[in-house]
Amino acid sequence: MLNRYGWWQWLIIVGVIVPGIFFSFPNLFGDDPGIQVRGSRGTALSSVDFDRLKALVAEPESGLIRGSLDEKGASFRFSTPGAQLKARDLFENELKDRYTIALTLLPAAPAWFESMSARPMYLGLDLRGGVHFLMEVDMEGAIRRMEERYVADLRSTLRTANVRHRGVRRTSEGGIDVTLRAVSDQDKARETILRELPDLELTAVEEGAPDRVFAQLSQRAKDELSEFALEQNITALRNRIDELGVAEPVVQRQGDRRIVVQLPGVQDTARAKRILGRTATLEMMLVDEEHNVDSAVTGSPPPGSRIFHMRDGRPILLKNRVMYSGENIVDAAASIDTQTGGPIVSITLDAAGARINQRVTGKNIGKRMAVLYIETRSKIKTDAQGRPRKGPQGRTLRTSQRIVEVITAPVIRDQLGKRFQIEGLDSVTEGQDLALMLRAGSLAAPVEIIEERTVGPSLGQANISQGFRSVVIGFGLVLIFMFIYYRTFGLFANVALAFNLVLMVAVLSVFQATLTLPGVAGIVLTVGMAVDANVLIFERIREELGNGNSPQASIHMGYNRALSTIVDANITTLIAALVLFNFGTGPIKGFAITLSIGILTSMFTAIMLTRGLVNLLYGGKQVKKLAI
Amino acid sequence: MYFLKREPRINFLGRRRLAGIVSAVLIVIGAVSLGVRGLSFGIDFTGGTLVEVSYEETVEASSVRDLIKNAGFESALVQYFGTSKDILVRLPASAVEDAAQVSSRIMVVLRSPYKETLATSASGDLQQCFSDSGTSGQCAVQMRRVEFVGPQVGEELTEKGGLAMLYALLGILIYVSWRFEWRFAIGAVAALVHDVLITVGVFSVLGLEFSLPVLAAILAVIGYSLNDTIVVFDRVRENFRKMRRGTPIDIMNVSVNQTLSRTLLTSLTTLLVVMTLLILGGEVINGFATALLVGVLVGTYSSIFVANPAVLILGISREDMLPVTKEGADADALP
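For the protein sequence lines, the chains are A and B, in the order given. Per the working numbering, the first sequence starts with residue 1, numbered consecutively. Per the working numbering, the second sequence starts with residue 1, numbered consecutively.
One or more hints might be untrue.
When the alpha-carbon atoms are kept at most 27 Å apart in a straight line, the in silico DSS-like pairs for lysine-lysine are as follows [unchecked claim]: (1) A:Lys367 - A:Lys418; (2) A:Lys625 - B:Lys5; (3) A:Lys86 - A:Lys72; (4) A:Lys319 - A:Lys367; (5) A:Lys188 - A:Lys222; (6) B:Lys160 - A:Lys624.
Treat the hints as calculated values from the structure; they're not laboratory data. Since we're looking at a predicted model, the values are computed, not measured.
Produce the entire structure from the sequences given, and follow the hints as far as they go.
Here it is in structure tokens:
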């Protein structure tokens with residue numbers, strides 16, 4: 001019989017609509033002020049700690065709605081922002097700095113929704129407020145540093161193999177140049193290098209330069225180094241973000257040299273930038289007390305020593321050997337010296353560092369030990385107009401600048417061990433930042449922020465309310481129009497449109513796709529475009545009626561004939577949406593996602609759902625006239 | 001309710017010369033403007049820094065401008081954004097070290113007359129500041145938005161944007177060739193290029209900012225306009241097979257007329273929501289909605305007046321549109 005749906009078609013409709021409603025439901029509840037507690041640097045939050053925290057906010061006055069613990073950490077929901085702030089102070093007091101405690105907004109939907117993984121949509125930073133950084137890792141810088149290390153390795157390798165050389169140096173274009181004393185050593189040198197240092201590649205002997213060996217890092221070594229530098233940087237950035245106390249941070253690699261960092265709810269972007277982008281570390285060296293600084297400055301420094309500068313510009317002569325560096329530091333804390341009132345950083349060393357510290361300071365009591373502050377800054381080379389300059393392979397050229405300052409050079413009064421203090425810092429803030437960076441680990445290669453998008457809380461709120469209003473009013477206008485134009489069939493289309501919105505929200509919620517402001521615009525646009533399928537069908541039905549067909553036959557032919565048009569039209573739009581998605585940086589991607597989802601869900605609601613409703617009303621009986 | 005009581009018989013294709021002249025004039029005006037004035041690209045493409053702040057009360061843009069210029073940001077552009085409580089500061093990409101820090105330095109400068117520094121505040125709340133006297137409260141200067149785009153990111157984006165446009169057109173060309181015929185594919189793409197050129201031209205003539213969302217809107221317009229064109233083409237294909245008599249021009253005219261009420265209806269519902277976005281969507285979405293508005297109008301026009309004549313010029317005939325009968329297809333049906 002014409003225009004009847006079989007049981008399986010109804011099953012599909014119910015099977016889509018019911019989960020759709022269920023998964024879109026959590027979005028209706030809004031947010032509660034909450035606190036997230038995570039173990040920093042990989043340590044998990046134990047259930048014992050969780051119970052301790054819970055006990056702190058057990059009284060009803062504390063405003064706790066509920067607390068929960070999962071593999072990511074603990075989350076607590078509170079009834080008011082005031083209660084949230086109070087609880088944070090309590091938690092911080094209890095846990096000290098072993099854990100990351102972050103203020104956040106948590107979905108207010110009942111817990112059983114979350115247990116069935118029904119969560120509200122994941123709002124992008126332009127809606128909830130927060131910082132988005134795109135960072136570029138200076139791989140050339142990492143390779144340069146690696147080559148510098150190989151210069152020393154080459155020297156010692158050649159020395160042990162009894163190959164005498166006139167010099168080993170890194171050339172400014174990259175690669176390491178070895179000049180041998182004897183031409184006859186060429187083969188032996190090449191053999192030794194290839195055997196002992198397999199990551200190096202040698203170029204063929206140049207004509208006219210039989211005494212030269214030119215070594216380069218192999219492509220494999222470079223790739224491995226890049227991979228390592230990127231991963232190491234991501235880990236270091238994660239650790240630093242943990243120190244900042246951010247709920248739900250995102251640190252992701254993008255391509256082979258970029259890292260995306262998203263910090264929802266962060267307001268102090270200046271601090272975030274200062275902390276994330278810097279490569280500061282410390283090195284400890286002994287002061288050369290045997291030679292005079294002034295004569296070294298005017299003449300040349302004695303062998304084994306080098307001239308450095310204090311922060312105020314005074315020169316100081318240091319013995320050219322690093323005792324230990326930031327890598328040996330396991331903990332650092334900033335505080336204020338009770339006697340001088342100046343900022344200090346207390347440092348705890350690992351076992352290796354402590355051993356060295358003990359031995360060297362024990363032997364050098366009465367002499368001075370210098371603490372060097374080392375920071376690498378990398379920046380793009382630009383021309384006069386501020387446009388980046390490109391290298392031969394189309395990569396932007398960078399310069400990196402190494403800042404080395406001697407913070408302090410105190411006299412060693414006692415044998416030092418695992419713990420000691422550094423003074424001579426400029427400000428309390430510097431002390432705090434330095435301590436944080438030493439705790440979180442240094443970056444393997446310098447990074448630079450190449451993009452920032454920050455949205456403040458007031459704009460985020462405004463975006464949400466404006467977006468919501470646009471959806472509601474655009475939706476309302478289309479509903480009214482469709483009802484006036486198509487009457488009963490218009491109502492069918494309206495039901496379909498409403499469910500299309502529900503399904504879009506459900507799909508966005510289930511996949512936790514990021515909803516951005518352009519994404520909201522995409523929703524509004526799909527509301528306008530989704531009715532197109534129904535307009536096509538209904539116009540076709542009217543046409544068939546005009547051709548003198550019976551109402552039942554008109555419905556049947558209207559749906560069938562419009563189908564291929566709808567599919568063609570939607571697939572071509574989908575092509576444009578997919579291109580957008582692939583091209584997309586953040587905001588564009590959000591638009592492409594909602595547009596694509598909208599196209600797919602609207603095909604279901606506009607064709608299958610409306611047909612079901614039409615069949616229900618008109619199908620399988622005598623109909624004289626259609627209300628279309 | 002009906003817009004058109006009965007199927008209209010408008011000779012659309014008969015006016016294709018006039019339409020061609022109108023389109024050509026619009027495109028030339030746009031092209032000349034692009035050549036002379038160019039597009040005012042947003043910082044997404046040029047690189048640079050943008051800071052939007054809001055004040056509790058009305059501020060003088062000129063005093064903010066002086067404040068920022070005195071702090072050494074000579075090239076800064078300061079203007080109201082939406083209301084006289086909101087200020088937008090723009091800086092072109094520069095060769096200064098730590099370009100990413102410029103926005104933070106500008107915030108410090110903007111807060112300096114109020115002698116306040118940022119304190120921690122609860123998530124989702126307005127920014128809290130410490131005042132000079134050590135008390136904390138809501139900041140007088142609220143940071144609403146900061147965008148910093150490094151020069152290399154902008155350059156890549158320009159390149160990728162152009163490529164995206166090309167890929168979209170190429171994908172469409174292939175799909176339409178497969179589903180219809182190559183002449184239709186070229187007709188559809190001609191209409192899309194037409195829409196893109198005119199929309200970009202409008203942005204150039206009016207001096208509107210061409211930002212990343214605007215680019216997204218133009219790609220959405222490609223999708224929308226194509227939607228329209230495909231609906232008409234679908235009917236042309238159907239009528240080529242159904243109508244035994246009639247020249248290609250007649251068939252196209254009938255097809256456009258048959259789909260006219262649908263074309264108008266869908267444009268109307270889309271325009272309804274685009275107008276909603278334009279009026280209610282806020283400043284950030286304004287450019288996006290403007291591009292959509294222009295694009296939907298031009299797209300509706302082009303699916304009638306550009307796509308069909310292009311197919312006609314390429315020399316379409318009934319034989320091209322008849323379904324290819326597979327040999328042996330009939331044989332299978334025999335017992």
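Verification of the supplied hints:
Between A:Lys367 and A:Lys418 the alpha-carbon distance is near 19 Å, which keeps this suggested pair within the 27 Å criterion. At most 27 Å may separate the alpha-carbon atoms for a hinted pair to count; A:Lys625 and B:Lys5 meet this at roughly 18 Å. Note on A:Lys86 and A:Lys72: the hinted pairing holds, with a Cα-Cα distance of about 23 Å set against a maximum of 27 Å. A hinted pair counts as satisfied when its Cα atoms are at most 27 Å apart, and A:Lys319 with A:Lys367 qualifies at roughly 12 Å.
For the given pair, A:Lys188 sits about 25 Å from A:Lys222 by alpha-carbon distance, which is consistent with the 27 Å threshold. Between the alpha carbons of B:Lys160 and A:Lys624 the distance comes to roughly 57 Å, so the proposed pair goes past 27 Å and is violated.
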